[in-house]
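Peer 1: Residue numbers (numbering that gives the first Met the number 0), protein chains in the order written: chain A, 0 to 395; chain B, 0 to 395.
In short, the hints are calculated from the structure, not lab data. Don't take every hint at face value.
[Said to hold, decoys possible] With the Cβ distance kept under 8 Å, some of the chain B side facing chain A (calculated, not the full set):
#, residue
1, Arg339
2, Glu341
3, Pro348
[As the list claims (entries may be wrong)] Computed Cβ-Cβ distance ranges for the label pairs, DEER-style:
#, chain 1, residue 1, chain 2, residue 2, range
4, A, Thr373, B, Glu242, 39 to 45 Å
5, A, Phe198, B, Glu377, 39 to 45 Å
6, A, Arg358, B, Val223, 44 to 50 Å
7, A, Thr373, B, Glu377, 22 to 28 Å
8, A, Asn246, B, Val223, 25 to 31 Å
Remember, it's a predicted structure, so these values are computed and weren't measured experimentally. Glycine included, each C-beta is placed from N, C-alpha and C at the ideal position.
Protein chains: 2
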Amino acid sequence: MASGADAPLPRDARDLAAPLGPVVGMVGAGQLARMTQQAAIALGVELRVLANARDESAARVVADVRLGDHRDLADLRAFAKGCDVITFDHEHVPTEHIRALEAAGLPVRPGADALVHAQDKLAMRRRLSDLGVPCPAWAPVDSLAAVEAFAEEHGWPVVLKAVRGGYDGKGVWVCADAEEAGEVLATGTAVLAEAFVPFEREVAVLVARSPHGQGVSYPVVETVQRDGICVEVLAPAPGIDPEHAANAQRVALTVARELGVTGLLAVEMFQLADGSVVVNELAMRPHNSGHWTIEGSRTSQFEQHLRAILDLPLGSPEMTAPVVVMANVLGGSDPDVFSRYEHVMAHDPRVKVHFYGKRVRPGRKIGHVTAVGTDLEEVRARARHAAVYLATGEYV
Amino acid sequence: MASGADAPLPRDARDLAAPLGPVVGMVGAGQLARMTQQAAIALGVELRVLANARDESAARVVADVRLGDHRDLADLRAFAKGCDVITFDHEHVPTEHIRALEAAGLPVRPGADALVHAQDKLAMRRRLSDLGVPCPAWAPVDSLAAVEAFAEEHGWPVVLKAVRGGYDGKGVWVCADAEEAGEVLATGTAVLAEAFVPFEREVAVLVARSPHGQGVSYPVVETVQRDGICVEVLAPAPGIDPEHAANAQRVALTVARELGVTGLLAVEMFQLADGSVVVNELAMRPHNSGHWTIEGSRTSQFEQHLRAILDLPLGSPEMTAPVVVMANVLGGSDPDVFSRYEHVMAHDPRVKVHFYGKRVRPGRKIGHVTAVGTDLEEVRARARHAAVYLATGEYV
């Protein structure tokens, strides 16, 4: 027969497979879209991704890949055509483009009015302060004099944050004095000033909210950061007082409701010595602090996000084991991660490996591992062993 | 910018994304390949499928889809080019074609010498009998006289089975008398005769074996059949005596080793009143009796199959809960399954829904649901409620 077996399916043929379920268009094709595809497969949801390049993480594992620029409204409009709902793998779509899609009648979840608070840190601080949500002291600053005035009141160090575009520690500068602040301002980046919070640890709360208004909260987790990058997530946050946990969840659910979030909301928080929390950052999408839910919860954050944006009833956030630890695999110097599966899988037949199909670059998040069990130290050691070995080939 | 956002990625662009992990070619694009994609995404394995049509279950969710005929050697060769290992979603590839691929130096797992025992029931019965594995009494038959001679010795009913090509109850005829047997023979299908086994229940054991020779067994499960189609799987098999369970697992692991299986082997068995088992069927691929492992085991059968065929250390088959029940969703008369998610998900936030992206036809397996918990009757009722409602909109 005439054969198509020697080449991938061409576009004209692909166009003909009519969807049997809802079509979700996710802007961005990183690992969050990649893992969303796993959940979409189970639910019979047809996931379409907008990728910048053909070798991006999710573009490798999704049938319906569109190439385009998420900063270009024409590309976004073309991408959205035929989608039942539009959502995001990242926060980098210009807010005005999202408003334009909404004005055209497209369900975008989260919508621009909510998402702007995850895109613009000044908008976020203003709104959360209005709502009475605990935040660090903050102020808009547009000059060194303004930073110095802020420091006068709140002391050094002062944390300067890029108003837009920061992630993984990028766009955050802890300035010890006016000289360091001056260097940041000299880059021309629009920033705001925040008081340095003497926190005990960082925690995060992941919640979901549907257009109907249903909300669920996952347990509070501890996020362990190194150089501004999350390296480990401990679920639940070890030793957290139930009242403090309930309060942190209440804060996150309140923010989701008041901001009109549809889909997931991750609230990163500082926990202080007295157990209280102040909000650090918001993200409105699946989040690194929720990767543990794939094995560790009855409903993964990726399935939950799909259910929420499709306005389906939300899934149970119940944990599948008393302790779950997720450790990120950060790229080392050796690109051949796959060659290190052998040891990790033989060493621990229960550890779960997630590799994102991304080229290895030092420090880049290229995968994660998850361990579940009952004893925190044991589970944490297993996760750390696997993550470090996958990255570097070192035994820890 | 010039935009590709209005159309799926064309083939020339797709061709350029170099794989970062091993490329597994799976012949067939049904739900087994579809669910294998979920495991491949986590492991960073690049899954390629050979589909007959663009709208098949797995072709909807895999980036690298090739169209071709699994009965055509040229198509198979073209498909296999660039794959690190070839495996199967079904048993319908002609054995001689598999031998030809192997002769060309391609790793095919399972190989033809093993797989023939899941393709050819006469070959299977001969080999298992030689190994001393308990089977029903059987005989090759090519005439009504031969069937009658068999019945003389073993009594009616006689079970006639198609030597090749049967599945889901198709190709199995329980003949009450010579007249019924004559009707089967008149169709011209090559059959063998088996004695009817007065079983108490049907059970199944799923094992995996790697080229290195590592083997693991999942717990013995009970498979509940209706009209020859599996409707429910109860894990572990309720009330099974630990010695009987260990014996059934030993049988399955022995068959895997002696037949040289690489990948998964599902052994369907009849359990008799005395607790002993006789082997009914073999399958060498992910199997309906193992769908419960997606949520119910630390290692899903789909991940396990990939690990086995890639000769990676096998994952733990440990259960994630004391009781897991999987119920198949069999197509009803209403094609709009998705409209019934609302009730099922609101009714039971913990039930897991799997929909295969297949058009609804009455009786067709279009999805499954899984419930986990501690009490068999409660868990079973939850799974059954969800499966029946999704199929029919009826409350049970």
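Peer 1: So, for every hint listed, does it hold in this structure?
Peer 2: Now for the hints, and whether the structure bears them out:
no.	hint	verdict
1	Arg339	violated, 11 Å
2	Glu341	holds, 7 Å
3	Pro348	holds, 4 Å
4	Thr373/A with Glu242/B: 39 to 45 Å	violated, 29 Å
5	Phe198/A with Glu377/B: 39 to 45 Å	holds, 43 Å
6	Arg358/A with Val223/B: 44 to 50 Å	holds, 47 Å
7	Thr373/A with Glu377/B: 22 to 28 Å	holds, 24 Å
8	Asn246/A with Val223/B: 25 to 31 Å	violated, 47 Å
Hint compliance for this structure: hints 1, 4 and 8 are not met, and every other hint is.
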